[in-house]
Every structure is written in C-alpha cells, then in structure tokens.
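Given chain A's structure and the hints, the job is docking chain B onto it.
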Amino acid sequence: MKRYFAGVDIGSTMTKVVIFSGIIEATIIGPTGPEHRKLANKVMEEALNLAHIRFEDLSYIIATGYGRINVPFADRQITEITCHAKGLHSLLPTVKTIVDIGGQDSKAIKIKDGKVVSFVMNDKCAAGTGRFIEIMADTLEVPLEDMGRLSLTAQKAASISSTCTVFAEHEIINKLASKETIPNLIAGIHESVATRVSAMVKKLTIEEDVAITGGGAKNIGLVKALEKKLGCPVVVPPEPLITGALGASVLAKEIFEKYEREGQIPARSSCGLQEAKIFS
Amino acid sequence: MAFFIGIDVGSGWTKAVVSKDNEIKSYAIVPSGGDYNKAARDACEIALKKIDISTKDIKYTVATGYGATMADFAQDTASDISCHAKGISALFPHVRTVIDIGAQFTRAIRIDEDGRIINFIMNEKCAGGSGKFLQVTARILRVDIEELGSLSLKSKNPVEFTTACAVFAESEAISRISEGARPEDIVAGIHRAMASKIITLAARVGMTPNYAITGGGAKDTGLVKALENELKFKTFVPDEPQITAAFGAAILAGSR
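Line by line, the protein sequences give chains A and B. Per this note's numbering, residue 31 is the first one in the first sequence, and the count goes up by one each step. Per this note's numbering, residue 2 is the first one in the second sequence, and the count goes up by one each step.
Isolated chain A, as found in the complex (with noise of 0.2 angstroms):
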C-alpha cells in the first residue's frame, strides 16, 4: 500500500502544498494574502483532490515557511531553511549553494549532502526581496510575471542609485518621467535586487552548483542579473515555489519511516482539516 505524507509551506505571500510517496503526487499553490491566511486548509483540500485521496489517507504533515506554527492539523513544523536545503537536494542533487528569494525576505543556504551548513537571511529591509520587484512592477503598470521577458529587451540597464525600496520607487518615477523606457527600467531593478542579494550571498563561500529558488526564481531577468553578479551559472529548478514544501513532505515520509523503524508511532495532531488560526 502507497503511503502518503504532506509539507505545507505557507510564505508570505503563496502557501504551497506538496503530496508525496516518494515521488510528488500532487502540488498546489495558492496565494497567502491577508484573507487567505486562514485558509491553508484550502490549499490541502486542493491538493487532496488532485492527488485524489483523503485526508485520513495522509501519514504525516510537516508545515514550514513563515506560517508554520498557525497549521492546526500538521503534525510538525519544520524552519523553511531545513525543507529548503532538503527539497532542493531531492530534486537536484549536485546543487550546494541555494539562494531563495521570497516576496518577503531573501536567503542563502549552503548544503551538504541535503542538510543545512551555513545560511545568511534577509528579513529586515526589503529591498532585495521579492516585494522590491512587486511593488517596482505596480509602479511602472507592469504585470509581475511578464517583468524578465520585458527586461531583456532592454538596450541599457537604468542605473539606481536608491537602496530603500521606497525611494527606489521615486527615482523610477522620475525617470519614467523623464523618458527612460520601461525595459531599461525593469533590467536596473534586477540589477538593483541582484546586487543586494549577490552582497548576501556573498557572505557565505559561493560553491557551486548555485540554485535560486522562491518567486524570484520565476523571474528569467533577475536570475541573468544574479548570474552576471555572482559570476557563474544559476540553475532554476523545475517548480521553485514548491521546494520548501516539497522539502517538508520528503522529511515527513523520512521521519515517520525513522520511528517506524524504531517500532513507534510519531504523534499527531489532533486536530482535522480545520481552518489555520490567525498569524501570530
């Protein structure tokens, strides 16, 4: 009989859920907004459903990411830097150096053989975040998602010379006022968040294989920026929203078959499929 095991990742702004049994079963991914917060319980039932099982059918459920403690019916939680490393090491193997960034905050990760070994975070200014290109991409009227293939059909990147993502966001009005074209505005954001990030990762010794995951992951201009600053090649994962997630899940099905191993039974929650408690 196939068991399955769940990871809930609920970032700041997309809640991702992995169903796996040894191979992925089902992922979904939802937004995190602040009315939604409450509904990770949703984003299962989805899930549940693509992989066409019941919830009484899941072994066990990690949750993970910036929420995890609100999860009332995962049975652990995780740090996201822990299911990273591991979701990403399953997926690809070589891969030492994992930089991630999220709509909230950026990190760097280096990994040995799936486990953590040194990591540097950002969480205390947002530009290099991911919020950095969001809020640059209202400004400039640009949906999200088509802001790396505008970029790269710029002839020279605007440079910006702000650091605060506020006043970043000034100078780019400025220069839209004084007709700077929007590519050429979209390749310095990147290389403004590339910078950023490239300084932090910095920090730690740069081994490759480098991957970048989270939303930024998603965005084909900023990972050629972050490629030309940190001076080698960046592998994308196929889904990158999913690794944390997917990172959660692989550790549950390692944990519950280590206390199967031992002859016990790993706890769970209590509590079913019931609405995730409001954010601490």
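I should point out that these hints are in silico values taken from the structure, not numbers from a laboratory. Bear in mind that the values here come from a model prediction, so they are computed numbers and not experimental data. No residue lacks a Cβ here, since even glycine has one placed at the ideal position from N, Cα and C. Watch out, some of these pointers could steer you wrong.
What the hints assert, rightly or not - In silico lysine-lysine, BS3-like type, Cα no more than 25 angstroms apart, as pairs:
| # | chain 1 | residue 1 | chain 2 | residue 2 |
| --- | --- | --- | --- | --- |
| 1 | A | Lys154 | B | Lys198 |
| 2 | A | Lys233 | B | Lys126 |
| 3 | B | Lys198 | A | Lys232 |
| 4 | B | Lys198 | B | Lys226 |
| 5 | A | Lys32 | A | Lys142 |
| 6 | A | Lys154 | B | Lys126 |
| 7 | A | Lys259 | B | Lys126 |
| 8 | A | Lys205 | B | Lys126 |
Unchecked claim - The following residues of chain A were derived to be distant from chain B, with all beta-carbon distances above 12 angstroms:
| # | residue |
| --- | --- |
| 9 | Gly60 |
| 10 | Glu75 |
| 11 | His82 |
| 12 | Glu86 |
| 13 | Gly133 |
| 14 | Gln134 |
| 15 | Arg161 |
| 16 | Thr183 |
| 17 | Ala198 |
| 18 | Ile203 |
| 19 | Leu234 |
Same frame as chain A, but now just chain B:
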C-alpha cells in the same frame, strides 16, 4: 515694494512663501506630482494671489528642496538644510536642534545661536521612520492622513511593530488589522516605531532640549506626542510646520 519668494520643492509637497522684511506675508502648499516646475509655479501663483500682488512685485526668488533645480524661474537655489536652519532661527531663535519630517526624508539639524549649521544628518539610505509610514498607514486604514494624530491619541494599547522598514511595516500593519487590532492602536504603534527611528537619527547630531519639529510630520499630533514621550522635552512646532524651509529660502532671497 520689496517682496521675496522662497520655494521648497519637496518629494511630496511644494511650498511657496512670500515674505517682506523677513516676515511671512502669504504662503501656499500644493502636491509636487510629477512636474516639479509646474508645482512650483502653481504654488507661487496661489501665494501671490492671496495677497493680491503679481510677479512684478517680486524682487528675488530662491528655490530649495528635492526638486529645486526644476523651478526654472527662480534666480537661485539653496540647500534645504541651510533653508531649514534659516527658517527655524527666524521663527524660534532659541531652538538649537530641528527635526524635519518630510514625505520621504527625515533630517536632523543642529544650529548655533546665530542660526549657523553645526551638523546635520539625513535618512538618505532608508525610509524607515519617514513620512512614508504615515501615508502608508492612512491608506491601509482608509483614513485621511490628517486624522492620524487624533486617532493615535485615543490608543490605550499601541501595537508593537517589529520592523523598521516602511515596506514591511505595511504588511505587518495589515496582519495586525486582520487579527483584529484597533485602528488607533495600529496608528499609535506606527507613531512609536517612527519616533524611535527618528530619535536614533537625531541622536547622531546630538539632541538639545530646545528642539523643533518641522515638515508634514509635525502636523501629526500623535507623532509629536510619541516624540515628546521618548525625549521628555517639550517640542516647538511652527504654526505651519511645512513651510519652514520655504520661509528660510525667502529670507535668503531677501539677503541677495
């Protein structure tokens, strides 16, 4: 009749002051928008109209602020720091430290008894603690920015903010609202977070008991109260705190 004009083209608002004998005769405040030159012209026109004089009566014009160079009709420009110092010493001769809280920039200026600048500092790198916090808070609470002060003073249990970043403070405020925090507690929490950031900045030029707050931020009674609570000194606030630098520019215009 010798009238002078000082224009302060700020990142958020453009202010024009018409002066005579170093006294404010008229002023106007308009949004800066994208066209700084137009904003500067509009502000002057309104200020002149108020006292029924025309550009012919103006002897000299000095522009200052973020977009000073865009005001193409001004004869000269001056730094916003020196204009602030000039303006505040004319209004409050005993003041030695000025904290200016603008739409994006916060500055702290130390001046000596003759109104000369001893030292100054500005938040060039980070908008943490700037007026941007107030704009963001007003927007997400759907209240007018002018209402923030009175709202904040009603708070009994200010929300504790963990971030100093203006962008992240917005998401944090939204989270707190979705958890049911009261609007007045959100605003009071934002005011506290701003006050602590502003005081850290001002401490780098050295705070003195006789200090003044200028700029749009000084119109927010909740923020002024939060600063007073931290600093334990009474704050001097000009009647119209937003026009301090423009007034300083007008004084400089008069001396040229």
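Structure-based check of each hint:
no.	hint	verdict
1	Lys154/A <-> Lys198/B	holds, 14 angstroms
2	Lys233/A <-> Lys126/B	holds, 21 angstroms
3	Lys198/B <-> Lys232/A	violated, 29 angstroms
4	Lys198/B <-> Lys226/B	holds, 15 angstroms
5	Lys32/A <-> Lys142/A	violated, 29 angstroms
6	Lys154/A <-> Lys126/B	holds, 14 angstroms
7	Lys259/A <-> Lys126/B	holds, 22 angstroms
8	Lys205/A <-> Lys126/B	holds, 19 angstroms
9	Gly60	holds, 17 angstroms
10	Glu75	holds, 21 angstroms
11	His82	holds, 33 angstroms
12	Glu86	holds, 31 angstroms
13	Gly133	violated, 9 angstroms
14	Gln134	violated, 7 angstroms
15	Arg161	violated, 6 angstroms
16	Thr183	holds, 25 angstroms
17	Ala198	violated, 10 angstroms
18	Ile203	violated, 7 angstroms
19	Leu234	holds, 23 angstroms
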